[in-house]
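Asker: We have chain A already, so just place chains B, C and D on it with the hints.
4 protein chains.
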Amino acid sequence: MSSDKHWRLKLQDFVEHRFFTIVVMLFIFVNAVIVGLETYPELYIPYQEWFYIADRVLLWIFTVEIVLRLIASVPFYTFFKSGWNWFDFLIILAGHLFAGAHFVTVLRVLRVLRVLRAISVIPSLRRLVDALMRTIPSLFNIMFLMGLVFYIFAVIGTMLFATISPEYFGSLGLSVLTLFQIVTLDSWTEAVMRPILEIEPWSWIYFISFVLVGTFIIFNLFIGVIVNNVEKANEEDTAKDEETDYQKLQKELQEVKEMLRDIKNSDPK
Amino acid sequence: MSSDKHWRLKLQDFVEHRFFTIVVMLFIFVNAVIVGLETYPELYIPYQEWFYIADRVLLWIFTVEIVLRLIASVPFYTFFKSGWNWFDFLIILAGHLFAGAHFVTVLRVLRVLRVLRAISVIPSLRRLVDALMRTIPSLFNIMFLMGLVFYIFAVIGTMLFATISPEYFGSLGLSVLTLFQIVTLDSWTEAVMRPILEIEPWSWIYFISFVLVGTFIIFNLFIGVIVNNVEKANEEDTAKDEETDYQKLQKELQEVKEMLRDIKNSDPK
Amino acid sequence: MSSDKHWRLKLQDFVEHRFFTIVVMLFIFVNAVIVGLETYPELYIPYQEWFYIADRVLLWIFTVEIVLRLIASVPFYTFFKSGWNWFDFLIILAGHLFAGAHFVTVLRVLRVLRVLRAISVIPSLRRLVDALMRTIPSLFNIMFLMGLVFYIFAVIGTMLFATISPEYFGSLGLSVLTLFQIVTLDSWTEAVMRPILEIEPWSWIYFISFVLVGTFIIFNLFIGVIVNNVEKANEEDTAKDEETDYQKLQKELQEVKEMLRDIKNSDPK
Amino acid sequence: MSSDKHWRLKLQDFVEHRFFTIVVMLFIFVNAVIVGLETYPELYIPYQEWFYIADRVLLWIFTVEIVLRLIASVPFYTFFKSGWNWFDFLIILAGHLFAGAHFVTVLRVLRVLRVLRAISVIPSLRRLVDALMRTIPSLFNIMFLMGLVFYIFAVIGTMLFATISPEYFGSLGLSVLTLFQIVTLDSWTEAVMRPILEIEPWSWIYFISFVLVGTFIIFNLFIGVIVNNVEKANEEDTAKDEETDYQKLQKELQEVKEMLRDIKNSDPK
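Chains as they are written, first to last, in the numbering used here: chain A, 1 to 269; chain B, 270 to 538; chain C, 539 to 807; chain D, 808 to 1076.
Treat the hints with caution; some may be incorrect.
Derived lysine-lysine pairs resembling DSSO-like cross-links, with alpha carbons at most 30 Å apart [claimed, not checked]:
hint, chain 1, residue 1, chain 2, residue 2
1, C, K789, A, K264
2, A, K232, C, K770
3, C, K795, B, K526
4, C, K789, C, K770
5, D, K1071, D, K1058
6, B, K350, B, K501
7, A, K248, B, K533
Restraint-style ranges between C-beta atoms, simulated for each label pair [claimed, not checked]:
hint, chain 1, residue 1, chain 2, residue 2, range
8, A, L197, B, H365, 31 to 41 Å
9, C, I756, A, I205, 26 to 36 Å
10, C, H634, B, S440, 28 to 38 Å
Note that these hints are calculated values from the structure, not bench results. Backbone N, C-alpha and C define an ideal beta-carbon position, used for all residues, glycine too.
Only chain A is shown next, with the shape it has when bound in the complex:
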């Protein structure tokens, strides 16, 4: 074993050690507390410089962490096979890239997003988010349908109500936003429909049909995911359960056959 490899394996052990993870989590927690404290102007304004230094120190700590994990990967590009590592890498890289720039808001948001690294560091949280993410592809079709319905209703809404209710249907973008509001059922009658209804008495057809179609699609999306999950859970379950029962019965039958073979062999004599 070459000295280089030996050294790398040691680094890998170090990086994957429980203690290393706990220390990183601690720094993420410190980061979370600092960005929280920054929102209090009575704290932030007098100690602005200290906050800046703390942030710089944390950024470099995270940079060292990522570089160590990058070096520990053999070969190093395997590091980028995990989406979580990409996420960690880009968040930190962006912190360095925007450091000198004047986009103060972007920089501050990035600092907050570093707290999201808690997900990539805590394994159980990572598995949970991975599981949540996996449900998205199966929803692709229904989301495309939803998008189509949104687009068609947004175009019609802008066509019909742009002059009557410019605040809600003034442009295609505003209409999409208003339709999103309607599908969450937030003040859809009081604020959106009733003022339009006074001018266009037939506009209820537009709103009611959108509410029915929109909630029907969401409702089916919901049911689809539930059924999918229950089915999957059952499958694994029955697979495990029945296999054994079935295998026991088959084993018994095998024994019966064995005995019959014995009888047959002993018989002709």
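Answerer: Okay, now just chains B, C and D, sitting in the frame of chain A:
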């Protein structure tokens, strides 16, 4: 094979070719972009004529597409066996019928609805919508019950509150609309119930009972569909799974019987 | 067979005949249309007398129907074993009792409620409502818990906020109503919590805890019913399905045993 | 058996007797009625002293009850093994501790919370709440994720909108409250987003992304619990059901093997 039939089969191949579908989807996409751009007055007003021409060209392209698919069907009336074909046919036909008329709004809405043809053209979307549609008949009974409850509450609401709250319960139609608002739980207390409650202190009985009955029915509708789907999924699942297990066991038993028959036959000698 | 019994059986046949049901349904439909038309003052005021006559005629038609069904029951008190018959009977009886009285509103509401008889007359609707009703007893425990939570929060709410927000928490009754509004998540922050929060900065504890506890209970009620139903459906399913598979296997085993017995019997010789 | 033990067993029998439970429930009910009546100022002000006495009496009755149950436990510290007993004990203890103090509101709230003891006294309610509680640990991960998402959005929200909308995003605490309001979809567009949108046209990204992420997590939490429960229910079900079917088949096979063994044994001779 007659020359006519030969020619028709070729047309059928052409119409069902993947390339044909992609081209049609492309034109639907162009149609979608155009109706979207039309909503921007700064674009629409100066280029109004170009929009008109583009729309005419698209209408004729879709007409040719439908006519080709109609001719390719042998015999031609099989084309109308699919609801999706009817949908495509009527949308395009209506585009021609209203072309000269003055119903500008109807014409523009029709142009937008042509985007919905994306559903009939993309097979996976078509299957999804077909599946969604199939859940509707099983909901028929519960929807009839919902309609009955709506009607009875609407009549009582109009009777009791028409003079107190003409905006919400002024007529049977308005009452149905208000009940729909209440069942979506949008501002049902703030805007609808509380002003009436100040005049009629007992009116909460009406509102609370409707909210309870209405949400209870929707809740059961929801559960019914979930249970129905889980059951169906399980049935298919177990059917497939167990069949094989059961068949394997039966095959084994068949072998045992075969062996026993052998023993019996060899025995008496 | 006595002449009386013969006559009764004939009446029973008549009452249970599909044609009789259809005629009753028709009159219920006419009743529904009439109560609907009554809500239009431009129709009701000039033809008030005609409406009165139509209502009287319908009431007597329904009375005859109920009496016929009552007589057809042998012995007659079996009629009252069904809750639906009680419902039909009381609705019609009340129509006669209040006929002379001055409670015009009660009388009109009763006339509308007669439309509900559609449920008791249409068998599929009756089964549906029966099924919905059956889910209620299993919810009893969770509804009692909900009631307890409502009562405790209502008392505390009245204690704390009666003077700050008399409109929402002025009395125990108003508090219960407001809590119901909060649990439906209708304007609970904008209208209810935020004005109180300005005076009592700690009041969010009350509202957030109620929203969490309330929705958590409803959420569990929901899940309980779903699981219950899926379980029940599965049970019936597996029972039916497996039985047959299992029975086939057992039958095969029986045959094997039969063959073995044959061998045994033929063997000793 | 010593006289002391004998006396304790008798006490235990007494404390666990159905009659004892009913009497305690009765006093809890009286407590509930009294705290309810206290909310009516027209009753409370003239009879303030009587209310005070009734409350003192009830507190001492409950104290005696708890002490009896504490003594009846052998050894006495087993009493504190149940969370419900702790709950009963602390509620009553707090009643005594705050008795002389001036925290009138705390005292009154404690008096109302005593009604919650109905849960610990009624066994079926206790089981229900125990069951509800058990679902919480499995939700821990997803609730931690929710907390993380809330914290990150709250910090960003305070950073971006503190000056624009001080009422909703003025401090970290207010932002968390507003995010809770948004996730319940209560007036999230009308009251929260639209006023901010007028000043910051890009703020919709913040709100829409939070609504999507927030509802997606809640949606998955919901589905997770449903699937978990259905699975558990199915497991118990299949376990019970299949076991018997499988066992019957195995028994049959056992008999077949027995017969074969007989044949084998009888054969060689």
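Asker: Do the alpha carbons of K248 (chain A) and K533 (chain B) lie within 30 Å of each other, as the hint requires?
Answerer: Roughly 28 Å separates the two Cα atoms, so the pair holds.
Asker: Within 30 Å, alpha carbon to alpha carbon, are K789 (chain C) and K264 (chain A)?
Answerer: Since the Cα atoms of K789 (chain C) and K264 (chain A) sit roughly 24 Å apart, the hinted pair holds (cutoff 30 Å).
Asker: Given the hint that K789 (chain C) pairs with K770 (chain C), test it: the Cα-Cα distance must not exceed 30 Å.
Answerer: Roughly 28 Å separates the two Cα atoms, so the pair holds.
Asker: Holds or violated: the 28 to 38 Å window for the beta-carbon distance between H634 (chain C) and S440 (chain B)?
Answerer: holds (31 Å)
Asker: Against the 30 Å threshold, does the CA-CA distance of K350 (chain B) and K501 (chain B) hold or violate the hint?
Answerer: Distance of about 27 Å is within 30 Å: holds.
Asker: Note whether the CB distance of L197 (chain A) and H365 (chain B) lies within 31 to 41 Å or breaks it.
Answerer: Once the Cβ atoms are compared, 33 Å apart, the range 31 to 41 Å for H365 (chain B) and L197 (chain A) holds.
Asker: Decide if the proposed pair is consistent with the structure: K1071 (chain D) and K1058 (chain D), CA atoms, cutoff 30 Å inclusive.
Answerer: holds (20 Å)
Asker: Hint check: K232 (chain A) vs K770 (chain C), CA-CA at most 30 Å. Holds or violated?
Answerer: holds (19 Å)
Asker: For a C-alpha distance cap of 30 Å, please report whether K795 (chain C) and K526 (chain B) respect it.
Answerer: Holds - the C-alpha atoms of K526 (chain B) and K795 (chain C) are around 10 Å apart, at most 30 Å.
Asker: If I claimed the Cβ atoms of I756 (chain C) and I205 (chain A) lie 26 to 36 Å apart, would that claim hold in this structure?
Answerer: Roughly 32 Å apart at Cβ, these two residues keep to the hinted range, so it holds.
When the structure is compared with the earlier hints, no violation turns up for any of them.
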